[in-house]
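The chain contents come next:
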Amino acid sequence: MELAKNLQQLTERLNYIRDIFGGKHQDDINLLSSRLEEFRHNIETQANINFDEGLTTLEDLFFFMEAKLENKLTPMDNVRIVRHPQRICLRDILENVYDNYTEIGGQDEHTNDPAVLIARAYITRKRGKKSYNQSVMVIGHEKGHGEEFRNGGSAKPWGNAKALHYMHVAEIEGIPIHSYIFTPGGDPVEDYPGAGQQIAKNIYKMAGLSVPVVALFSEGGSGGAEALSLADKRLMLSHGYYSVISPEGAAAIEGRLKRGERASAELIENCAANLKLTAKDNLSFGYIDQVLQEPTLGARPYHFDFFRTIRQEIIRATDEIVLNTKGFSLFRINQLRRLRDTETNLDDTYINWHLPKSLRSDLVENRQNKFLRMSKGSFINRQSMLGALSDAWTEQWREVYNRLVYDFFHRYRRTYTNFLEEATAEWETIKTRAKKPFKSAYNKVRRIDTTAQQELTSLSKWDRADERGGWNWVSTRAKEDKSVTCPNAKTHGCLDLWTPDLYNEFAGVCTTCGHHFSMEYQWLMYNCFDVNSLYEFNSEWEAGNPLDFPTLDQRIKDAQEKTGLKSGCITFEARIDNIKNVVAVLVAPFRGGSVGAAEGAKLISAIDRARRKRYPLIIYSHGTAGIRIQEGTHGVIQMPRVTIAIRRYIRAGGLYLVVYDTHSFGGPVASFLGCAHYQFAIRSSNLGFAGPTVIKNTTGIDVAPDHHNCYKALSRGHIHGVWDRRDIRMNVKQALLTMGGRNLYYR
Amino acid sequence: MEKEHKVLIANRGEIAVRIIQACHKLGLSFVAVYTAEDAHSGHVALAKELGDSKSLYRISSYHDANELLSIADAANATAIHPGYGFFAEDFRFARRVTERDRPLIFIGPSWRVIRELGDKINTKRLARSLDIPTVPGSDKPIYDEAEAEKVARSLFEFQVHQGVEKPLVLVKASAGGGGMGIEEVYDIDLFRSVYRRIRNYAMRQFKDDGVLIEQRIKNFNHLEVQVLCDRAGKNPVHFGTRNCSIQSTGLQKRVEIAPGFDPSSITYPFDAQKVMDDITEYSITLARKVNYDSVGTWEWIVTKDGHPFLMEVNTRIQVENGVSAAISRIKGKADVDLIAEQIRCGLGDPLGYTQSDITFDGIGIEYRIIAEDTEQNFTPWVGNIDNFSWNHTPWLNMHTHLPQITKENPYTIPTEFDPNLALGIIWGTDLENVKERGKEFLNALSITGYNGQSSTLKSNIPFLLKNTDRILRF
Amino acid sequence: MLNISSILEEIKKTPYTDLSVRAPHTGTLVFTDINEGDSVNSSSGQWQEIPGTKIATITREKNPKPILATQKGFLQKLHMKYNNSFVEAGVEIAVLRHFLSKQEVVHILLQKALHLFNAPERAKYYFAPDIDKKLKISGHKNITVTDGMDLFIVSRMKREIPLAYHGPEGLIYEVYFEQNQNVDAGKPLIGICPPDQLSIIEDVISRVYHEWQEQE
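Chains as they are written, first to last, in our numbering: chain H, 15 to 761; chain L, 36 to 509; chain Y, 1206 to 1421.
Simulated from the structure, these hints should not be mistaken for lab results. From a predicted model like this one, the values you see are computed outputs, not experimental measurements. Just so it is clear, CB atoms sit at the ideal spot from N, CA and C, and this is done for glycine as well. Among the hints, erroneous ones may be present.
Said to hold, decoys possible - To give an idea of the chain Y side of the interface with chain L (calculated C-beta under 10 Å), a few residues:
| # | residue |
| --- | --- |
| 1 | T1233 |
| 2 | E1266 |
| 3 | K1286 |
| 4 | A1294 |
| 5 | V1296 |
| 6 | E1326 |
| 7 | A1328 |
Said to hold, decoys possible - Derived lysine to aspartate or glutamate pairs resembling EDC-like cross-links, with alpha carbons at most 20 Å apart:
| # | chain 1 | residue 1 | chain 2 | residue 2 |
| --- | --- | --- | --- | --- |
| 8 | H | K390 | H | E67 |
| 9 | Y | K1267 | L | D136 |
| 10 | Y | K1267 | H | E494 |
| 11 | L | K242 | H | E268 |
| 12 | L | K242 | H | D738 |
| 13 | H | K710 | Y | E1254 |
| 14 | Y | K1267 | L | D421 |
| 15 | Y | K1329 | L | D244 |
| 16 | L | K155 | H | E409 |
| 17 | Y | K1317 | Y | E1254 |
| 18 | H | K475 | L | D99 |
| 19 | H | K496 | L | E134 |
| 20 | H | K82 | H | D42 |
| 21 | H | K475 | L | D154 |
| 22 | L | K339 | L | D370 |
| 23 | L | K339 | L | D297 |
Based on the sequences and whatever the hints tell you, model everything.
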């Protein structure tokens, strides 16, 4: 009986090896397989013999081979390990790491999103004879062991919303959050409020969560992972992966595959390697704080020792966050030293995880700074040393100046002005009342105002008489004599448009149906803001190739030559009717408007500038395909980084507007764009989390051609209005005036 | 003028017939176009009769510039005549025609002139800059409520001062047109609410909350001045005035008379001759100012007490050009054909005569003959016409695009277009004479037809007859 | 009484319709690499997002536009004489033979079985607003019309006048016109099924579904 069970286990181990190597190492696998078969055959044919010895030999062989193969693991093998149904899942962790737990908001498939699991759990620790139950909020993806309803751990928007809700709860209760990342990525089908937008909301919230957050990565798939992983400490399982995109997804893009085509195994394998998605890689980049060494060939539910490791490290991480926040008294340094000693059994120590209110802002600030410091060297800055130094000086001076002007002077001025306004209003009321008896008498005397009548029949002065309503910037496409067909011609009967009319006077808008043809990014830059009011900064920050991704250097160079830009993001200051703004543009023709480390750094710098100068901030997504996948996690880390900068800006009182044009998808929408309180789209634009091809490839679902249309996004609650391009200047101004108001910096 | 020119006629019906005839007269080749609905129209028959294998093409729509230009290229046309309606006053079309890779001559004013005079505010300001009278009120969009109220208030006072019994003020969206976003105010106390309503409407509809405030003039005559100039734009001439006050309930013209007033047989409470002289002079002044370089019509309203106000300029040949031609004589020319003159000058010929060479004689009436029920809100009648006949006389000029109609070969009125069937232009020595001839013509005119609902054809002949007595009076 | 069998036999003799593929507008026509007898598809996909087979390209003002097959079938005729030449609007460039599907046969039979209400004149027709609202909510097969009911709005020459229905009371079984399209005088607007004939109509449909064999 025992023997059969052992055999069964070995068979499973063999199958597991077969699965995770995807057809490689056939010799080793065949060896194991034949030995196992042989042994099984022996048992069946030769009765009454003691097989213990044979079994031990066989088991030893398995251990030997597994150790040998462990050294040969490629990144793609790790991906297969992580996806294997035998991989440990969140419920295993809840069972084995925590002392007790209650699942919140659902049970098995009876929950709004079975891919996201929330639990209240506690860990029991002892100090001397006294034991303490330390409560935590556990939030994470639940992949299960192959259950269909778990959706592979791909969270739906409402799953992420549920997680967000319990982050709030944890904050109210003042308990730490332990977040477990087991997701291949967010579910891309749009629904209220938009798959990307919900992720953005989560990131935005986590950027300011006032309780300690520890995240543990097993499978960190892009945006879906970011939704739960903006943590004070980020741990990672040694066989996990953390990546901007699945290797298959990257292969589809790199191989330029069309819908339905499959990438070759070799290409996928290469992509996995090039993306540098392993725990080791991410640790060296600094996006992960610590790697937890898993058992050979990856942790499975029967690796009970490993759960103890997780438990110890999770406790250690939480303790460290708390202690670091509390600062370093002599007493705490001692505690910290003990904590760092791996020999210490942390179950037998106790550190209170509750942070007093006074320290919570420190916690948040530490977390924000930690992320803002990341990925600094992942792009090229050709600015001279001196220039950089003088910039730094200017920045410092600005900070001091603004503190003085806005925080001190303006506060008192406002009080004074308020008083003055009230007094004036009161005086007016008194005056009107006093004058009333005379007014009616005055009205009876009809006087003919001859000059007024003169004005009725003669030419008046009009300073706008010469304005012809032309555009400041006109596309070169307007020079070509040809006509184009509106895509809605079939349904709306649009006549063909002559390009010199369409791209000049009509601003790319079909006069029949209002369809907006895409325009160059310069169109909005020069037609929305005051003429000659643009001042670009950081233009020398250059997109790099931090992963040495093959051929990316050349592709970046091509894009730079094509666009004349150094990166896919332009940042500048500009005025609208003398209202000063900081503007960042994501430029679609530069590698699809994708965001990498350079773009992220430029955005953060622009956001900081807006914060320091107290200007409104406008991000114009002329088009973005998402995070630049060839930069791997250097790209994906920009999601939390830029969102943190945005959060700081908004919290400091800034007005942040987002305008979408053409096509905006992926990470940017799911983070710093999607988190804006005020988002607008230019007509005929498309936006969402993942494009139709990605949805088809990942979920197999066909979506309607207008699934990502801006009006759909409006109905879904993602954006807050759809703007006509021709009225962009008026609309932006209107937004600045109505959403701004007197408490905004620019006043 | 080079005879090598080939004119594309970007229009249909009566005007297409007239342009083909004019080209034929000038010895120019032409290209006509037609749509499937118009296959039996007279202009198609005439194009087949007078043209060659590259003189007639079927297109999908008269409204599609691409169709017209593609035909122009295929047929090697060098110029385009837009007629009236469709592209006649579309400065973008004129611009495209002249600025495309294979440029063509647009027989009409240059596109800048069309654009300049197509903007009513701009026209009004141009006029005021030349001291030409315009409707009292603002000549620029007003964006400020206090200013708007000030203008409205002084407009009321102005009218009281002028002795207007019931002063009225019009508030309209400056970006609007076609009767949308216009309201009347009779009391200054109601002005604010009307103003706000119009402003909000304009903001929503046109994204521009500018508002115009003008005097609302009631009881006026609608006069026009026919202007012609060559491409040099230096020495415009006029072909007198027309009175177009007899209109359908939808403000569509039905009868036009030239000249605009007849002081020799009707007594007006003002000096009618001076008004006519003034408005022609003003019109010529404005034409000279903008270097007007084609035919055009200056539209005026003349109040009951004889005040003229310039309303707008129509930068095209108009339907009623024939009635002005009927009373005009050019020294040394057998007859006056304004369309031929427009083509000739449009292609670059100098005018060749001055105002002093143009004389006027008699009175002309133009009737627009339409199958419509004048009792029922001028509803067009649709069906087949099986008889259309009139008495040919020397004083009658009949312009029609209807083909030869017989009982066996009826004509089906296409439903897509303007319902005009024919223009009957009558010339008489004086008012009494022309009225008599008009009635004689109308009484002899016969149109019959039938349709699916077996209702008999309704025409506006009785309406025209009834109104013949009213002409040239207030 | 309607003789369904004989009509069906009649249709079976020519179980297809020949559709004229016409130039939508003027321009220079170039046929794609396609031959007479080739089969073509209409647009397909859940949202009709996959276009039909391209028959030719017509270029006007440097703007090439595909001419696509609108029905499934095969090319009975290709007027190759127009290849690489300038064509006028509405010129027939190909003939597409389309084999009738069951629904289409039902459609033909119903035109003979139902009481048809015809357009009195050439114009654009719309349902009266209240009827239109009901149609959109419950579909046309749930609307009963009675003699003298104001059912349509006739629109021509920019004017709109109401049009009353005359004929037997019954359900609107078929709608034959499209909004914004001109309907010629005498063409059917709607097909009415009097309640007592409902069973006969349903019999027609079921017989077609049993007897009709679709051809490729």
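Evaluation of the provided hints:
Hint status for Y:T1233: holds, given a least beta-carbon distance of 9 Å to chain L, under 10 Å. With its C-beta approaching chain L no nearer than about 5 Å, Y:E1266 sits inside the 10 Å limit, and its interface hint holds. The beta carbon of Y:K1286 comes no nearer than 16 Å to any beta carbon in chain L, farther than 10 Å, and the hint placing it at the interface is violated. For the restraint placing Y:A1294 at the interface with chain L, the shortest Cβ-Cβ distance is roughly 4 Å, inside the 10 Å limit, so the hint holds.
A hinted interface residue such as Y:V1296 counts as satisfied when its beta carbon comes closer than 10 Å to some beta carbon of chain L; here the least separation is about 8 Å, so the hint holds. Restraint check, Y:E1326 versus chain L: the minimum CB separation of about 5 Å is within 10 Å; hint holds. Contact between Y:A1328 and chain L, as hinted, is supported at the beta carbon level, the nearest pair being about 6 Å apart and thus within 10 Å. Taking the CA atoms of H:K390 and H:E67, the gap is about 58 Å. The hint is violated against a cut of 20 Å.
A distance of roughly 11 Å separates the Cα atoms of Y:K1267 and L:D136; the hinted pair therefore holds under the 20 Å criterion. Using a Cα cut-off of 20 Å, the hinted pair Y:K1267 and H:E494 holds, with the two alpha carbons roughly 10 Å apart. For the suggested pair L:K242 and H:E268, the alpha carbons sit about 45 Å apart, so the restraint of at most 20 Å is broken. With a C-alpha separation of about 10 Å, the suggested pairing of L:K242 with H:D738 holds against the 20 Å cut-off.
The hinted pair formed by H:K710 and Y:E1254 meets the criterion: a straight-line CA distance of about 15 Å does not exceed 20 Å. At most 20 Å may separate the alpha-carbon atoms for a hinted pair to count; Y:K1267 and L:D421 exceed this at roughly 44 Å. A C-alpha spacing of about 36 Å is found between Y:K1329 and L:D244, which places the hinted pair above 20 Å, so the restraint is violated. With a CA separation close to 53 Å, the supplied pair L:K155 and H:E409 exceeds the 20 Å bound.
Distance check on the hinted pair: Y:K1317 and Y:E1254 sit about 34 Å apart at the alpha-carbon level, beyond 20 Å; violated. At most 20 Å may separate the alpha-carbon atoms for a hinted pair to count; H:K475 and L:D99 exceed this at roughly 40 Å. Among the hinted pairs, H:K496 with L:E134 is consistent with the structure: their alpha-carbon atoms are about 12 Å apart, no more than 20 Å. Only pairs whose Cα atoms come within 20 Å are accepted, and H:K82 paired with H:D42 is accepted, the gap being roughly 9 Å.
Distance hint between H:K475 and L:D154 is fulfilled; the C-alpha atoms sit about 17 Å from each other, no more than 20 Å. A C-alpha spacing of about 35 Å is found between L:K339 and L:D370, which places the hinted pair above 20 Å, so the restraint is violated. Proposed proximity of L:K339 and L:D297 is supported: the alpha carbons are some 15 Å apart, at most 20 Å.
Figure legend: structure checked against the earlier numbered hints; hints not met, in rising order: 3, 8, 11, 14, 15, 16, 17, 18, 22.
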